[in-house]
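Peer 1: Hey, can you work out the whole structure from these sequences and the hints?
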Amino acid sequence: MAKKITIDPVTRIEGHLRIDCEVDNGKVTNAWSSGQMWRGIEIILKGRDPRDAWAYTQRICGVCTTVHAMASVRAVEDALKMEIPLNAQYIRNMIIGAHGIHDHMVHFYHLCALDWVDIVSATKADVAATAALGQKLSAWKGNSPQEIKATQDRLKKFIGTGQLGIFASGYWGHPAMKLSPEVNLLAATHYLQALDYQRKINQVVAILGSKTPHVQNLAVGGVTNPINPDSPANLTVEKLFHIKTLIDEVGDFIKQAMLTDVAAIGAFYADWTQYGAGVLNYLSVPDMPMDTKGTVFALPGGYIPGGDLTKFVQIADQREKTLYGGIKESIKHAWYNGNWDRSPYEEETVPNYTGYDADNKYSWVKAPTYLGQPAQVGPLPHVVAMYLAGHAATKTYVDQTLQTVSALAGTTVGIDALHSTIGRIAARVIRCAVLYENMNVQWQALVDNIGKGDLDTFNAPVFPRGEQRGTGFHEAPRGMLSHWIVIENGKIKNYQAVVPSTWNAGPRNADDALGPYEASLVGNPIADPELPLEVLRTVHSFDPCLACAIHLVDGKKTPLGKVKVL
Amino acid sequence: MKALVLGIGNLLIGDEGVGCLAVEALGRRYTLPPSVECVDGGTAGFELLSMLANKDHVILIDALRDDREPGTVIMVEGEHVPRAFMARTTPHQLGICDVLAAAQLTDIMPGHLTLYGIEPKQLEVGIGLSPEVEAGMEKTIRAVVNQLRHFGYEVKRNGIESEH
Numbered sequence: 002m003a004k005k006i007t008i009d010p011v012t013r014i015e016g017h018l019r020i021d022c023e024v025d026n027g028k029v030t031n032a033w034s035s036g037q038m039w040r041g042i043e044i045i046l047k048g049r050d051p052r053d054a055w056a057y058t059q060r061i062c063g064v065c066t067t068v069h070a071m072a073s074v075r076a077v078e079d080a081l082k083m084e085i086p087l088n089a090q091y092i093r094n095m096i097i098g099a100h101g102i103h104d105h106m107v108h109f110y111h112l113c114a115l116d117w118v119d120i121v122s123a124t125k126a127d128v129a130a131t132a133a134l135g136q137k138l139s140a141w142k143g144n145s146p147q148e149i150k151a152t153q154d155r156l157k158k159f160i161g162t163g164q165l166g167i168f169a170s171g172y173w174g175h176p177a178m179k180l181s182p183e184v185n186l187l188a189a190t191h192y193l194q195a196l197d198y199q200r201k202i203n204q205v206v207a208i209l210g211s212k213t214p215h216v217q218n219l220a221v222g223g224v225t226n227p228i229n230p231d232s233p234a235n236l237t238v239e240k241l242f243h244i245k246t247l248i249d250e251v252g253d254f255i256k257q258a259m260l261t262d263v264a265a266i267g268a269f270y271a272d273w274t275q276y277g278a279g280v281l282n283y284l285s286v287p288d289m290p291m292d293t294k295g296t297v298f299a300l301p302g303g304y305i306p307g308g309d310l311t312k313f314v315q316i317a318d319q320r321e322k323t324l325y326g327g328i329k330e331s332i333k334h335a336w337y338n339g340n341w342d343r344s345p346y347e348e349e350t351v352p353n354y355t356g357y358d359a360d361n362k363y364s365w366v367k368a369p370t371y372l373g374q375p376a377q378v379g380p381l382p383h384v385v386a387m388y389l390a391g392h393a394a395t396k397t398y399v400d401q402t403l404q405t406v407s408a409l410a411g412t413t414v415g416i417d418a419l420h421s422t423i424g425r426i427a428a429r430v431i432r433c434a435v436l437y438e439n440m441n442v443q444w445q446a447l448v449d450n451i452g453k454g455d456l457d458t459f460n461a462p463v464f465p466r467g468e469q470r471g472t473g474f475h476e477a478p479r480g481m482l483s484h485w486i487v488i489e490n491g492k493i494k495n496y497q498a499v500v501p502s503t504w505n506a507g508p509r510n511a512d513d514a515l516g517p518y519e520a521s522l523v524g525n526p527i528a529d530p531e532l533p534l535e536v537l538r539t540v541h542s543f544d545p546c547l548a549c550a551i552h553l554v555d556g557k558k559t560p561l562g563k564v565k566v567l
Numbered sequence: 552m553k554a555l556v557l558g559i560g561n562l563l564i565g566d567e568g569v570g571c572l573a574v575e576a577l578g579r580r581y582t583l584p585p586s587v588e589c590v591d592g593g594t595a596g597f598e599l600l601s602m603l604a605n606k607d608h609v610i611l612i613d614a615l616r617d618d619r620e621p622g623t624v625i626m627v628e629g630e631h632v633p634r635a636f637m638a639r640t641t642p643h644q645l646g647i648c649d650v651l652a653a654a655q656l657t658d659i660m661p662g663h664l665t666l667y668g669i670e671p672k673q674l675e676v677g678i679g680l681s682p683e684v685e686a687g688m689e690k691t692i693r694a695v696v697n698q699l700r701h702f703g704y705e706v707k708r709n710g711i712e713s714e715h
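If you read the protein sequences in the order shown, they are chains A and B. Numbering follows the numbering used here, with no gaps: position 244 of the first sequence is 245. Numbering follows the numbering used here, with no gaps: position 53 of the second sequence is 604.
Hints are computed from structural coordinates only; laboratory data are not their basis. A few of these clues could be false.
[To be verified] With a cut-off of at most 27 Å between alpha-carbon atoms, the simulated DSSO-like pairs for lysine-lysine come out as follows:
(1) A:Lys47 - B:Lys690
(2) A:Lys294 - A:Lys492
(3) A:Lys240 - B:Lys553
(4) A:Lys240 - A:Lys201
(5) A:Lys212 - B:Lys553
(6) B:Lys553 - A:Lys125
[Stated by the list, open to error] For the chain A half of the interface with chain B, some residues (derived, Cβ under 10 Å), not all of them:
(7) Val107
(8) Lys201
(9) Gln204
(10) Ala207
(11) Pro352
(12) Tyr354
All residues carry an ideal CB built from backbone N, CA and C; glycine is no exception.
Peer 2: Shown next, in the form of structure tokens:
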């Protein structure tokens with residue numbers, strides 16, 4: 002008899018995600034992914050000035066602030082056919098890169114790793130053996146016995162207080178936890194170090210974006226950072242060199258700790274290369290424009306149908322008609338009025354909540370398709386596309402990671418292993434290293450361009466009368482993001498955001514084909530339906546994010562303790 | 552001596568944005584010394600961790616649902632603050648609770664931590680506060696100013712200070 006399990010919410014950062022699974026004979030046999038919150042940004046933006054849209058869209062989402070700002074200005078710039086000064090492209094690219102590294106690092110260590118790493122077990126590890134293991138894996142300075150001992154002492158003290166706090170909800174001692182205490186302790190050591198490095202890379206966003214968590218320096222037409230190599234209030238040589246130092250420090254951690262950690266987890270959980278593949282149509286867009294017109298990109302992207310790497314089609318330009326013309330959204334299973342399948346330009350957003358009904362409508366998320374098919378987006382599709390497009394840094398890091406995994410697992414692990422839950426996690430870490438390499442490229446390009454005497458950062462937009470349409474694409478940390486704008490007489494007439502989690506967490510589409518979360522869960526083993534750690538592993542491998550953050554403290558669930566009413 | 556006033560919430564969901572709006576109003580109406588950092592944290596997570604480091608006083612402002620009259624302001628202090636946020640944790644959610652826990656784990660917890668929670672009324676998609684929560688926000692701003700002054704920070708009202 003099939004048993005039904007419901008996990009709600011899976012994450013709260015971006016509102017609520019609810020996952021329902023049918024489990025039979027220890028395996029998931031069917032799954033439904035439901036976004037439990039309505040986003041509504043489309044309605045908020047209607048009638049507003051297109052130049053202000055980015056400041057609103059960066060509030061859609063708690064973790065993806067800058068990405069929605071970026072896609073928004075690009076949509077307006079596409080509608081107005083604008084060129085963007087080189088300095089502005091490079092500064093934006095560095096913000097994109099730093100934000101991406103931050104996002105990938107926090108996801109890997111602080112959100113996803115605890116599905117695989119048992120923190121309580123780490124307190125039982127032998128320190129010398131852990132240090133020896135770490136030194137075998139890489140030359141990372143943070144693998145010294147002193148660092149590792151300090152981590153273990155800290156964990157013991159923290160757990161000893163009885164208040165697990167950040168670790169309170171882990172599945173410690175679950176039968177699916179398989180790492181040795183030493184591997185657990187090594188990962189926990191890097192977990193703590195990652196707290197410092199995420200802070201360093203976020204400083205780059207803060208310096209360039211003027212503020213964090215919400216950047217202030219964007220504008221339709223460029224950025225508002227005045228560049229003056231000598232004036233202290235502006236982007237100076239000193240600030241640029243400080244940024245370079247931060248990039249280098251973070252790069253060492255990514256190369257010597259993160260990449261080896263993900264290889265170790267991959268090798269010890271090699272069985273997870275068999276689960277979680279799901280939808281194998283992979284979609285990504287090129288990003289990091291290197292010219293004013295936005296036709297040359299530092300990072301390639303493209304489409305791979307059905308996981309067949311020989312059928313890879315590179316997408317050369319974010320403005321290709323095959324790209325924006327190929328995207329539609331279906332509301333057959335989503336809580337909106339009607340049942341259509343349309344281009345985002347032609348959509349209307351009329352919410353109509355009719356209750357959770359798995360056979361009909363069961364989510365606030367629409368179901369997007371590319372060329373009529375559901376598609377998976379995210380670091381995995383992007384890394385595979387960059388690899389196939391011959392991107393040098395990607396090739397280096399993919400090959401190197403697969404070699405390390407093969408050596409640790411004692412068997413040859415090829416690129417096909419990436420089509421899996423664990424492969425999705427590995428691809429995210431590889432992309433983090435690729436972004437680091439690209440940060441250096443962008444930094445050098447900016448410094449060289451300023452050196453030539455070009456200090457331009459902004460072209461003023463001009464809004465003609467009548468209607469203009471534009472799309473803003475961005476390869477964000479969670480995958481391909483697109484904002485769609487229709488402008489009429491200088492005001493927003495229609496606005497739609499097709500976010501990565503719409504692609505991945507979407508419900509069944511017009512043809513009732515499963516969305517990527519849903520498809521990837523089918524076939525996953527479940528050791529204990531009461532503690533469905535395996536479901537979380539696969540869903541978390543996508544870096545779940547429903548683009549709407551509600552952040553309210555709810556005192557009803559747990560009494561608040563001592564409070565004073567003012 | 553250093554302080555951080557951090558407003559959190561989502562500006563696009565009515566009363567949910569009260570923390571962000573309170574911080575914005577505070578920064579606009581008052582002149583704060585450089586030792587007081589005033590930040591609209593939105594719904595961010597770990598980006599906020601670095602702001603907690605090396606602070607003597609941290610004041611958080613957020614919407615807080617506790618079944619009270621809309622606009623009611625409650626104050627929670629010290630160790631009770633993480634607990635208030637704990638009410639919402641489920642596996643691996645990275646929110647302000649986790650940021651506080653990470654601060655605890657890395658020994659950067661501020662010496663003094665206060666949370667002002669305002670009971671929301673309206674949580675529909677849209678920009679702007681209900682009148683009740685707007686009044687709660689005003690009460691909170693006055694309380695935060697008084698608290699900062701009590702700690703010894705020089706907080707000056709821009710223009711005429713009519714409410715005292």
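Peer 1: Could you tell me which of the hints above the structure violates, numbers in ascending order?
Peer 2: 1, 6 and 12
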